[in-house]
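2 protein chains.
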Amino acid sequence: MSSLAERQPRELREMIHNNEFILPTAGMAKGYVQGNLAIVPKALAYDFLLFAQRNPKPCPILDVTDVGSPEPKRVAPGADLRFEIPKYRVYQNGVLTAEVTDIAAYWRDDLVAFLLGCSFTFESALLNAGLPVRHIEQNCNVPMYLTDIDCVPAGAFHGRMVVSMRPMPASQVVRAVQITSRFPAVHGAPVHIGDPAVIGIRDIMKPDFGDSVTIHPGETPVFWACGVTPQAVAMTVKPEIMITHSPGHMFICDIRDEELAAL
Amino acid sequence: MSSLAERQPRELREMIHNNEFILPTAGMAKGYVQGNLAIVPKALAYDFLLFAQRNPKPCPILDVTDVGSPEPKRVAPGADLRFEIPKYRVYQNGVLTAEVTDIAAYWRDDLVAFLLGCSFTFESALLNAGLPVRHIEQNCNVPMYLTDIDCVPAGAFHGRMVVSMRPMPASQVVRAVQITSRFPAVHGAPVHIGDPAVIGIRDIMKPDFGDSVTIHPGETPVFWACGVTPQAVAMTVKPEIMITHSPGHMFICDIRDEELAAL
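Just so you know, the protein sequences line up as chains A and B, in that order. To convert, take the position in the first sequence, counting from 1, and add 10; that gives our numbering. To convert, take the position in the second sequence, counting from 1, and add 10; that gives our numbering.
Where hints are given, some of them may not hold.
It does not matter which identical chain is meant; a pair holds if it fits inside one copy or across any two.
Only pairs whose alpha carbons sit at most 20 Å apart, straight line, appear in this in silico SDA-like list of lysine to any residue [as the list claims (entries may be wrong)]:
(1) 248 - 53
(2) 67 - 194
(3) 52 - 164
(4) 83 - 162
(5) 52 - 163
(6) 97 - 117
(7) 67 - 268
(8) 248 - 187
(9) 52 - 77
(10) 83 - 165
What the hints contain is simulated information worked out from the structure, not anything from laboratory work. It should be emphasised that the depicted structure is a prediction, and the values quoted were computed from it without experimental measurement.
Input sequences plus hints: build the corresponding full structure.
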């Protein structure tokens with residue numbers, strides 16, 4: 011993997027296009043932004059865009075393609091979202107019907123692709139500052155929880171926020187807030203610090219998605235809005251068709267993490 | 011006006027609803043956010059929302075109403091955008107056809123209202139920090155210029171950015187950047203500092219909109235993206251109907267300026 015960490019986004023996307031590897035993209039193209047994918051028909055795109063606009067913490071938009079175009083012009087001009095993600099999931103009427111390495115067969119003139127910020131960017135910033143990221147230390151998936159925090163509804167879309175959790179030593183909690191506040195385009199500052207029950211989480215050791223991680227004595231759980239939220243919410247309306255990346259298999263953008271920093 | 015400065019937003023909106031005054035709202039409800047209004051039919055709303063999302067500096071969205079609803083639920087729950095702005099402009103097929111104190115006669119079930127951040131919020135922050143705001147000192151309108159900076163197009167909408175200019179003493183330019191960077195929801199950091207020619211402005215003393223202001227020796231012109239941009243861009247497609255506030259006659263929100271601060 012270390013060689014993939016040093017590759018440029020464009021090279022990696024070409025390798026992915028050619029199916030030279032089908033792997034989760036964590037750690038690839040160090041310093042560059044990776045994005046979550048959600049493709050919906052134009053008929054749903056307004057509600058989806060408005061939902062994201064009203065809920066910027068769980069749904070930070072990096073790019074929206076023109077109707078029928080698979081090119082994310084702002085974050086990777088020239089790229090083709092039909093081929094340059096290692097693995098996709100296709101949902102039809104809310105049911106997962108295929109997991110594929112390209113979506114050429116599913117593409118239509120009325121589809122709109124959304125790229126949403128992912129936590130890799132702020133996790134890099136936390137690690138660069140010497141703060142722990144437990145699920146990376148433990149080599150597992152980040153723990154994610156369904157909360158009782160209602161998202162602001164938009165048209166057909168409504169639902170509760172999903173959050174991810176990273177334990178921080180008490181002395182580093184403030185620093186974690188400061189560091190992630192610089193990155194509003196990738197979930198930004200935490201949504202909650204401390205007692206999980208306050209946001210409707212019953213058992214911190216039993217995440218709804220991902221894996222549980224160790225919380226050491228003296229550590230405080232810190233919760234960030236999670237990019238799983240928009241996909242989960244969109245799925246509740248059972249769109250005729252919706253295509254996402256497979257978990258962990260993200261789109262690698264040409265923009266750098268630091269370009270997303272607000273300051 | 012000083013008594014209006016101390017009034018609560020809700021009281022002022024009720025007075026406006028009852029036509030107790032028809033005045034520009036600058037200085038009213040001190041500390042509270044004021045917003046620009048743009049109402050378009052649902053058929054144009056997706057492109058308008060996407061244009062705003064792609065151009066957040068000139069088009070910072072504060073709220074978007076549900077289709078057919080005149081209530082800006084997030085910034086002023088219970089308010090009615092048909093009555094609670096002192097003066098409106100109605101454009102039909104790109105032509106100004108009416109200036110009215112309420113828009114009940116024009117309201118339709120397919121209209122969507124956008125409230126966009128305005129510069130009053132960051133100007134308060136500049137003044138609070140002791141920085142000059144020349145057009146307020148000179149009691150005139152802010153100078154605005156059409157630049158050669160292309161906005162990112164979205165569907166039917168494309169055009170160039172309009173900027174406003176405030177001269178700053180050279181020693182205060184950095185501070186002006188810092189202060190306004192805290193407020194990305196109301197145009198945020200400047201888009202340009204210094205030589206007007208770099209962004210296509212020929213004569214700084216001849217603004218395209220508003221009034222010219224004095225630039226003292228040793229002062230640097232500082233340019234911010236301006237909320238006139240989205241209205242100007244939307245007008246180029248000559249929507250069947252589009253309704254805006256009359257210049258300076260803004261919507262007074264229930265949220266405070268400081269609630270919009272990113273940090």
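Tested hints:
For the identical chains of this complex, residue 248 and residue 53 are intra-copy neighbours only, at 13 Å inside a copy versus 23 Å across copies, given an alpha-carbon limit of 20 Å. For a Cα distance limit of 20 Å, the shortest separation of residue 67 from residue 194 qualifies both inside one copy, at 7 Å, and across copies, at 14 Å. When the C-alpha separation of residue 52 and residue 164 is checked against a cutoff of 20 Å, the pair qualifies both within a copy, at 15 Å, and between copies, at 14 Å. Taking the shortest alpha-carbon separations for residue 83 and residue 162, only the inter-copy value of 10 Å comes in at or below 20 Å, while the best intra-copy value is 28 Å.
Proximity of residue 52 and residue 163 under a CA criterion of 20 Å is satisfied in both settings, with 19 Å inside one chain copy and 17 Å between copies. In this assembly of identical chains, the alpha carbons of residue 97 and residue 117 lie at most 20 Å apart only when taken from the same copy (15 Å versus 47 Å across copies). Taking identical chains as interchangeable, the C-alpha atoms of residue 67 and residue 268 lie at most 20 Å apart whether they share a chain (18 Å) or sit on different chains (18 Å). Taking the shortest alpha-carbon separations for residue 248 and residue 187, neither the intra-copy value of 36 Å nor the inter-copy value of 45 Å comes in at or below 20 Å.
Proximity of residue 52 and residue 77 under a CA criterion of 20 Å is satisfied in both settings, with 7 Å inside one chain copy and 17 Å between copies. Within a single copy, residue 83 and residue 165 get their C-alpha atoms only as close as 27 Å, which misses the 20 Å cut-off; across copies the closest is 14 Å, which meets it.
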